[in-house]
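Chain residues, written in single-letter form:
Protein chains: 4
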Amino acid sequence: MVVVMEERASEEEVQHVIAQLTDRGFDVHRSTGQLRSVLGAVGGNRAFDIRLIEVMDGVHEVLRITEPYKLASRTFKPEDTAVSFGDFRVGGDEVIVMAGPGSVETEEQIAASAVAVKKAGAKVLQGGAFKPRSSPYSFQGLGEAGLRLMRAAADAEGLKVASEVMDVTHIELVSRYADILQVGARNMQNYTLLRELGQSRTPILLRRGISATIEEWLLSAEYILAGGNSDVMLCERGIRTFEGYTRNTMDISAIPVVQKLSHLPVVADPSHGTGLRDHVAPMARAALAAGADALIIDVHPDPDRALSDGAQSIFPAQLDRLMAELRIIAPAIGRSICLDPVASRGWAPPAETAH
Amino acid sequence: MVVVMEERASEEEVQHVIAQLTDRGFDVHRSTGQLRSVLGAVGGNRAFDIRLIEVMDGVHEVLRITEPYKLASRTFKPEDTAVSFGDFRVGGDEVIVMAGPGSVETEEQIAASAVAVKKAGAKVLQGGAFKPRSSPYSFQGLGEAGLRLMRAAADAEGLKVASEVMDVTHIELVSRYADILQVGARNMQNYTLLRELGQSRTPILLRRGISATIEEWLLSAEYILAGGNSDVMLCERGIRTFEGYTRNTMDISAIPVVQKLSHLPVVADPSHGTGLRDHVAPMARAALAAGADALIIDVHPDPDRALSDGAQSIFPAQLDRLMAELRIIAPAIGRSICLDPVASRGWAPPAETAH
Amino acid sequence: MVVVMEERASEEEVQHVIAQLTDRGFDVHRSTGQLRSVLGAVGGNRAFDIRLIEVMDGVHEVLRITEPYKLASRTFKPEDTAVSFGDFRVGGDEVIVMAGPGSVETEEQIAASAVAVKKAGAKVLQGGAFKPRSSPYSFQGLGEAGLRLMRAAADAEGLKVASEVMDVTHIELVSRYADILQVGARNMQNYTLLRELGQSRTPILLRRGISATIEEWLLSAEYILAGGNSDVMLCERGIRTFEGYTRNTMDISAIPVVQKLSHLPVVADPSHGTGLRDHVAPMARAALAAGADALIIDVHPDPDRALSDGAQSIFPAQLDRLMAELRIIAPAIGRSICLDPVASRGWAPPAETAH
Amino acid sequence: MVVVMEERASEEEVQHVIAQLTDRGFDVHRSTGQLRSVLGAVGGNRAFDIRLIEVMDGVHEVLRITEPYKLASRTFKPEDTAVSFGDFRVGGDEVIVMAGPGSVETEEQIAASAVAVKKAGAKVLQGGAFKPRSSPYSFQGLGEAGLRLMRAAADAEGLKVASEVMDVTHIELVSRYADILQVGARNMQNYTLLRELGQSRTPILLRRGISATIEEWLLSAEYILAGGNSDVMLCERGIRTFEGYTRNTMDISAIPVVQKLSHLPVVADPSHGTGLRDHVAPMARAALAAGADALIIDVHPDPDRALSDGAQSIFPAQLDRLMAELRIIAPAIGRSICLDPVASRGWAPPAETAH
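Chains as they are written, first to last, in the working numbering: chain A, 1 to 355; chain B, 1 to 355; chain C, 1 to 355; chain D, 1 to 355.
Chain A on its own, in the form it takes in the complex (with noise of 0.2 Å):
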């Protein structure tokens, strides 16, 4: 930390500044300049306030050097963090796509969902049993029979599932069903959560909060990685701006810029990040141009009887034209996506690629 004195600070309140941050474990090295004088502190928490300095009389500004998360950091792993699933992986050089309705409702639709995820492409099947909604007058999901249905579907076709746990209580249950536990963006900082999710060795995708900056967002994975779980990937779904067109912007240069911060891969979810079905194709494209590791879209046999998300799930035919959007694409940034001997067929990848 950097503790950057007024120009009229007297030497006393210079001492007290010190006296205060070697008390707290820092060691504090003073230059003295023509107009202000100027403390490094080195030491110390990580976790440390850097308010309690900046309120001190005589400080003009205090600076914080080291990030506040560590495992999460690029300084402290500087190499890509790949988490697998038996034949894949997210974060490697295939682009891996997930998809599924926003709950599951009854065999029939996650049956039908499942095909046509499979038939697209994609690698994991999603669907929501545990469903967090705005109103208590909402359908709130299926529960445990939710999950059962999805398992059975996904293993019918060979695919991965990914379900939502809302509360510790569900941890457990989820992790028997689900291969990917979700974290949604209101629990992002639910901590007794995320600090159970860090014992589970299960893989978690963790949303970006609804108003969550990038390292706030990192703390929380830290919450995850330090409790020992090193499978964590991050999903980027939209942030609240003043902007009232889409439900959300979604931040797609948090793409990039997680990537340099942090070696965990990076999710990106077009259904949430834009909330409707017109934009979800334009948005995936473009988080797969900016980089993005994995991708997550809302899809749906019959969206407009959908109990949950039905606006912002797209047809199943729309995602068999976006993948083969998104493989025109991806070589763009030296990748591939979904190579699968279903999804590939008829689709050569071009000979070469721009990286």
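Worth flagging that the hints you see were computed from the coordinates, not collected in a lab. Any given hint could turn out to be false.
Same chains, same label: a pair holds when it works inside one copy or across any pair of copies.
What the hints assert, rightly or not - In the DMTMM-like style, the derived pairs of lysine to aspartate or glutamate whose C-alpha atoms are separated by at most 20 Å in a straight line are:
1. Lys77 / Asp57
2. Lys77 / Glu7
3. Lys70 / Glu144
4. Lys260 / Glu216
Once you have looked at the hints, place chains B, C and D on chain A.
Okay, now just chains B, C and D, sitting in the frame of chain A:
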């Protein structure tokens, strides 16, 4: 709901929308103008996602007419709700002050806090035993031991106790020691927690999420009210904006807006609202002048050594001075403030007030 | 406009609202439901301030049905507008790239820029001669001398010229040298300037204000169109949000949204959109993948020594690599990019595209 | 400026940064720690764009130590600035109220406004003759005729006049009639205008841009101060946030923050700050309680028929009642309010105040 069709919408598109609405249980009334058709839809589920209609072909815009919440609205209950605590009420003529440290740290610290709080004329001692911290490396609270110390300190001074619950597993425990359960901003949309609090009979102080719209805040209150707990106080504590000088932007205008939309009492938290000690007093005065029913303020006997929230905690002497200022302001809005014998000693209310 | 009355509104209040609307030139149609009255009002002034009705007694909510802009909307003109420049058009099948330094500095610098821009396959040389700077102590541009140097450099390479006008007094002067007049984000609501540009016959590139809603942006375009200048290009260049890692948050989703609402072509500016060199390429690719009609990119022969915008300017070699990536992406949205002889040498478009 | 190098930065990278800073006129002091090097740079241009260093290889972070503005800062001028107008001052012990209609419409309207303003005890009549309107189809103001009417109405009541300049071409004209030139939010970064206002000797009321940071606002004040006009008043009028119930979110906390950073007086505008009549009084009281030096309030003799800003204009009787409330609050911050003979009749200041 009002559905505005596009000028070029075909008759088939209009019929498709009508069918979708009818299926969903709405009564539809159509008016066909010179340029476009407009559909009025009543009935149906209050939580219906209007985006489902927005994405249909030929639809120009969908406008919701009813608020998505019911029990929290003034339409449902026109008269003010006051939450009673023995000899005082939050939401009546008297403005209540709650104060205390960010966290309970030691027996001496919480006892000294209680003395200062009582002396200033406040009625409720607040303090955290379970702390939601954005870093896993920060002090996380004393747990039950902290609650026990706080209860003893409050009882010795004749104060009520307010403390935060972070998780469903805390509710029973915290309720044994506290008179008010606080829900933090990060948990405003933790629906599992809200649902359980609806089963409790302890009054709830529900902080607004850092990026929650007023509608979302009232929907979260609705979760608690719908469970049967009608003692909900809404607490404004600052929203996230582009401005970085203050940690948050305290949304003072939310106070009169919420009071117009809802019958629930509104509490203002200038400590979290600004994040910096120097700005607590001006914002406390502003919140009172805007009509807040209560204030909740971080005060600490030695803020420079606080284990949490020290930078936003004021000194006991600052609280005393602030209370004197608040007593001058209260009559401007036709109210009094904390008129207990100790606090009002030497102070007499003005003979007449403005309202 | 639709006026929703409160459930408890008196007949007198309803009549008062009807009278106010009739006075203002609206035709009013009333439907009286079981719970409340709803008034439909048509005609009247497109710019009528609906808040005037909102504040009336007994009014619950007022909903606007028509967009406040007309000439800029797709309702008015369903087919795409393309702005033509001799042998190319912005808004057609070919995606156009504009590039150049933040400001014209010297004859050598702008000539080197023009060579790099041409070599990469871009069609327009951009550069500032009048610079809007937030500090009065920053470099403010070379003025007319800069325009003269830029014109000469562009002519030598067969490029068009785009440059900013900050004030009505610049219009005539800049028009003498430039083919495109840029309006900066800070001037998006400088109505005196917009009105004058409506009188011009030079195409306008209208940057979105840093906190302008899409509706406000289109209203600003309306000012120019209403004056008679129909060659308006809309330029997304990042909005202000709570996130501070990037200078702005580039709103990629605005691209498809605006294309749905308006017939005007959309240009994306990834340099201002991110403010940092490293993020320009990912966001340029993302903007193209989302459907932008053109890109405008800061490039400088020696960005570390640039007098303005150096940090967001890429090196000529980076522009070359980016163009190669963009050429791979364009077919995914059924478009080509900058197919002039120099740039396309050694590159052949894929045999088939996705659409 | 402090430059923090990455842990893995090479010696060559460090030397490259030092060379770049030295070239730009900075004195550089290097301290090499165990983990990383930190460079302190002093001197150089106040307006230097620190992003130029941020993008260099091996640089972890760059922190600015000095504010980018000078004349506007308290470091430069520690004592408060008060702007004088004959028998009163903005920025002294007395809090000044300015009031009037959004636009001058007719002789009767402005005369009735002046009478109401005077009767309430306000000192300045405000009113627009040139109106910045987001729609080209809205009323644009009466121009010089309006100024003439307003001057006459103000003179008849012994009031000062405040009116907006939208463009450099208005300055000379408006100055002939007005005592205060207002700069609107949309023009806060119209640098051509600011520069010209620096040449004027008429006091300026500079409204904060709707998404301007406090730093940008003070930089805009700097433009005027740097030109030689030292009579600048800063006016908070609401910022744009995600919340839509109020048109803007009035940033009350900006009042104490700006007063700490700058010596310039701060005016609060609760009419634009909320956009709705009902919320004007609570926010006016809040702004005063937070320490505003003056208030500027939209009042209209017949707001329902106002040609602009009617929804945010209060009735004369509401202004009277608000003034009575403000007079109760002022002593809480050690100030008086508008103590002219008419207004103070029947009211006596309290014998003692809180400070």
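Hints versus structure:
Taking the shortest Cα distances, Lys77 and Asp57 sit within 20 Å of each other only across copies (18 Å), while inside one copy they are farther apart (39 Å). Within a single copy, Lys77 and Glu7 get their C-alpha atoms only as close as 40 Å, which misses the 20 Å cut-off; across copies the closest is 12 Å, which meets it. Proximity of Lys70 and Glu144 under a CA criterion of 20 Å is satisfied in neither setting, with 36 Å inside one chain copy and 30 Å between copies. Taking the shortest Cα distances, Lys260 and Glu216 sit within 20 Å of each other inside one copy (16 Å), while across copies they are farther apart (29 Å).
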